[in-house]
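Position chain E relative to chain C; hints supplied.
In case you want the letters, here they are:
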Amino acid sequence: MAKIVVLGAGVSGHTAVSYLRKGLSKEHEVVMVSPNSNYQWVPSNIWVGVGLMTPDQVKFKLAPIYKKMGVVYKQALGVSIHPEGDQETTSGYVTIKYVDGDKKGQEEKVTYDYLVNATGPKLNFEATEGLREHSNSVCTYGHAAHAWTNLEEAYKKMENGEKQTFLIGTGHGLATCQGAAFEYVLNIAFEIHKRKLSHLADIWWISNEYELGDFGMGGAFIKRNGYVTPTKIFTESILKEYGIRWIKRAAVQKLEKGKVYYENLRGEKHTKEFDFSMLIPGFAGVGITAIDKNGQDISDKVFAANTMMKVDADYTPKPYEEWKASDWPKIYQSSSYDNVYAAGIAFAPPHGMSKPMTSPNGTKIFPTPPRTGMPSGVIGKVVAENIIHQIKTGKKDHPHEASMATMGAACIVSAGYGLFKGKAAVMTVRPIVQDWEKYPKWGRNLSDTVGVVGTAGHWMKLFMHYMFLYKAKAKPFWWLIPE
Amino acid sequence: MSTQTRKNTKSKAITKPYSNMSYATEPGAFVRFTRWCMINQIYQFFRLNIKVMSIVLKGHS
Numbered sequence: 001m002a003k004i005v006v007l008g009a010g011v012s013g014h015t016a017v018s019y020l021r022k023g024l025s026k027e028h029e030v031v032m033v034s035p036n037s038n039y040q041w042v043p044s045n046i047w048v049g050v051g052l053m054t055p056d057q058v059k060f061k062l063a064p065i066y067k068k069m070g071v072v073y074k075q076a077l078g079v080s081i082h083p084e085g086d087q088e089t090t091s092g093y094v095t096i097k098y099v100d101g102d103k104k105g106q107e108e109k110v111t112y113d114y115l116v117n118a119t120g121p122k123l124n125f126e127a128t129e130g131l132r133e134h135s136n137s138v139c140t141y142g143h144a145a146h147a148w149t150n151l152e153e154a155y156k157k158m159e160n161g162e163k164q165t166f167l168i169g170t171g172h173g174l175a176t177c178q179g180a181a182f183e184y185v186l187n188i189a190f191e192i193h194k195r196k197l198s199h200l201a202d203i204w205w206i207s208n209e210y211e212l213g214d215f216g217m218g219g220a221f222i223k224r225n226g227y228v229t230p231t232k233i234f235t236e237s238i239l240k241e242y243g244i245r246w247i248k249r250a251a252v253q254k255l256e257k258g259k260v261y262y263e264n265l266r267g268e269k270h271t272k273e274f275d276f277s278m279l280i281p282g283f284a285g286v287g288i289t290a291i292d293k294n295g296q297d298i299s300d301k302v303f304a305a306n307t308m309m310k311v312d313a314d315y316t317p318k319p320y321e322e323w324k325a326s327d328w329p330k331i332y333q334s335s336s337y338d339n340v341y342a343a344g345i346a347f348a349p350p351h352g353m354s355k356p357m358t359s360p361n362g363t364k365i366f367p368t369p370p371r372t373g374m375p376s377g378v379i380g381k382v383v384a385e386n387i388i389h390q391i392k393t394g395k396k397d398h399p400h401e402a403s404m405a406t407m408g409a410a411c412i413v414s415a416g417y418g419l420f421k422g423k424a425a426v427m428t429v430r431p432i433v434q435d436w437e438k439y440p441k442w443g444r445n446l447s448d449t450v451g452v453v454g455t456a457g458h459w460m461k462l463f464m465h466y467m468f469l470y471k472a473k474a475k476p477f478w479w480l481i482p483e
Numbered sequence: 001m002s003t004q005t006r007k008n009t010k011s012k013a014i015t016k017p018y019s020n021m022s023y024a025t026e027p028g029a030f031v032r033f034t035r036w037c038m039i040n041q042i043y044q045f046f047r048l049n050i051k052v053m054s055i056v057l058k059g060h061s
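Keeping their order, the protein sequence lines are chains C and E.
Each residue of the first sequence is one higher than the one before, counting from 1 in my numbering.
Each residue of the second sequence is one higher than the one before, counting from 1 in my numbering.
Okay, chain E solo, but in the shape it has when bound:
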């Protein structure tokens, strides 16, 4: 079992090269911001609800 990204006790996470976790993507600051940004999230709430509703309606006869 390989060691992967760990937090060292002092500060930031460190990456172990060639570990599973080292190949995973991580969101940048802007993407993290969009996840909390109320304007964007209010838009996403309605967009996703409409998407889910359309899937429900298409799904069965």
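Extracted from the complex, chain C is given alone in its bound form:
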């Protein structure tokens, strides 16, 4: 009988495990290895960061859910992958280290017939000097709760008549997740306005984007009010409406208390002082290694330079002008081992979507590819479905595909919380990765690429919060909710 091991209980891994358990009979074993004891609905961390939700509203304990599902759950960190086994066994296995409970610190070999690496990103604060110590983050519920504590202090100072400068954006020249930072700055501006403190707030957006609205996907074109408009215009308009000024084409290089040092694409070095900042760190792979049957480190073969796993993508180095939609993977199968897959943020993209830019000093300043929840969930589901197909039929083909160059995504950027006064910008793009061969004029299907701001967007984001938490808890008919 088959044993499938999934590393990582984020959106992608948890989705994969849910569909695997649903699609396979009990004789097959489904194992989840994750160091986290909680599942978190990451899109709502923004609201934790502005004090409108508590951490308990965006997370839940994994153990009882996995027990209910019939999934073996090991609260442990994945240390190394041994896809060829070793001198004692030909079965592939992962070495894990328990992080909690009676087995804390103990290592274990967990064999597998199929492995899904869904380990997500390492938040690489260390890539920017001083970022961890002198800025805030909303990447996890814990970080977001801490950010709220600091933000509340800033509000109190303004209530006492003191001006405050807020600096929100990307904390590294190659950071992604501009969308999350963008949501955060809009929510801060909205909450400050609600408190009637706007006259004491100087709010700034700092980003590595060449133009605003890039969001790591090279920007997009949307039909609005009779025009086809680039997202640059759409994004600048929202920031202006909220009274937020901006610095673009910037690589944050160092932080000290109350001061950020950055370089722009012209090679100029600047500083910016602030009272409160939230800067998204760069991402890397979690650093899990790969070892062959002779004990040799083969991480270079299995992982890309950014320590994310190589899959069925075209990794041939090529200039931006030669990038193709077909470079992107479809089935997320390891390029080295047929029974290993990488889902969500854990797979190595073949290249970016935004054009690489370098300053005269050689500093790379451009967003790396975005990894939003929707494609992560879809990839997790498709990987699971292909594994289920292989187990049930004995065939080795992959009838299910989900290339980011064909699938679309919806991104709901909260711009203020409130059932009647809240709003959000709803953006849809299809495909996620621009395909200039298929859509030579706009890069994407224009009828599926939408940008709308309004209260309906806030209702959608709130609805999705409750809907996807319901799904993640494997409540009745959870599988009816599409990825």
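Some hints could be false.
No more than 20 Å apart at the CA atoms, straight line, and that leaves these computed lysine to aspartate or glutamate pairs for DMTMM-like [claimed, not checked]:
#1 C:Lys196 to C:Glu211
#2 E:Lys58 to C:Asp448
#3 E:Lys51 to C:Glu385
#4 C:Lys293 to C:Asp86
#5 C:Lys223 to E:Glu26
#6 C:Lys259 to C:Glu129
#7 C:Lys355 to C:Glu437
#8 C:Lys392 to C:Glu27
#9 C:Lys109 to C:Asp292
#10 E:Lys58 to C:Glu385
#11 E:Lys16 to C:Asp202
#12 E:Lys16 to C:Glu241
#13 C:Lys163 to C:Glu191
#14 C:Lys22 to C:Asp113
#15 C:Lys421 to E:Glu26
#16 C:Lys3 to C:Glu108
#17 C:Lys196 to C:Glu159
#18 E:Lys58 to C:Asp435
#19 C:Lys259 to C:Glu126
#20 C:Lys196 to C:Glu162
#21 C:Lys257 to C:Asp202
#22 C:Lys324 to E:Glu26
#23 C:Lys194 to C:Glu211
#24 E:Lys58 to C:Glu401
By construction, these hints were calculated from the structure, which means they are not laboratory data.
What follows is chain E alone, placed relative to chain C:
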């Protein structure tokens, strides 16, 4: 770094010509109204959900 639109402490925002912000568009009163107008937003809620669903269904095999 150029200064951009600022609020003066007394009343309305002022625009600094040739600043980044001065080139950005701003919604007029009607567009702002449509963002709160419940009838329009209820319609948008269903329209956008249908759009998102169709994108999900087209997206993967």
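Hint check results:
no.	hint	in the structure
1	C:Lys196 to C:Glu211	violated (31 Å)
2	E:Lys58 to C:Asp448	holds (10 Å)
3	E:Lys51 to C:Glu385	violated (25 Å)
4	C:Lys293 to C:Asp86	holds (4 Å)
5	C:Lys223 to E:Glu26	holds (17 Å)
6	C:Lys259 to C:Glu129	holds (12 Å)
7	C:Lys355 to C:Glu437	holds (17 Å)
8	C:Lys392 to C:Glu27	holds (12 Å)
9	C:Lys109 to C:Asp292	holds (15 Å)
10	E:Lys58 to C:Glu385	holds (17 Å)
11	E:Lys16 to C:Asp202	holds (16 Å)
12	E:Lys16 to C:Glu241	holds (15 Å)
13	C:Lys163 to C:Glu191	holds (16 Å)
14	C:Lys22 to C:Asp113	holds (18 Å)
15	C:Lys421 to E:Glu26	holds (19 Å)
16	C:Lys3 to C:Glu108	holds (16 Å)
17	C:Lys196 to C:Glu159	holds (9 Å)
18	E:Lys58 to C:Asp435	holds (16 Å)
19	C:Lys259 to C:Glu126	holds (17 Å)
20	C:Lys196 to C:Glu162	holds (14 Å)
21	C:Lys257 to C:Asp202	holds (18 Å)
22	C:Lys324 to E:Glu26	violated (36 Å)
23	C:Lys194 to C:Glu211	violated (29 Å)
24	E:Lys58 to C:Glu401	holds (12 Å)
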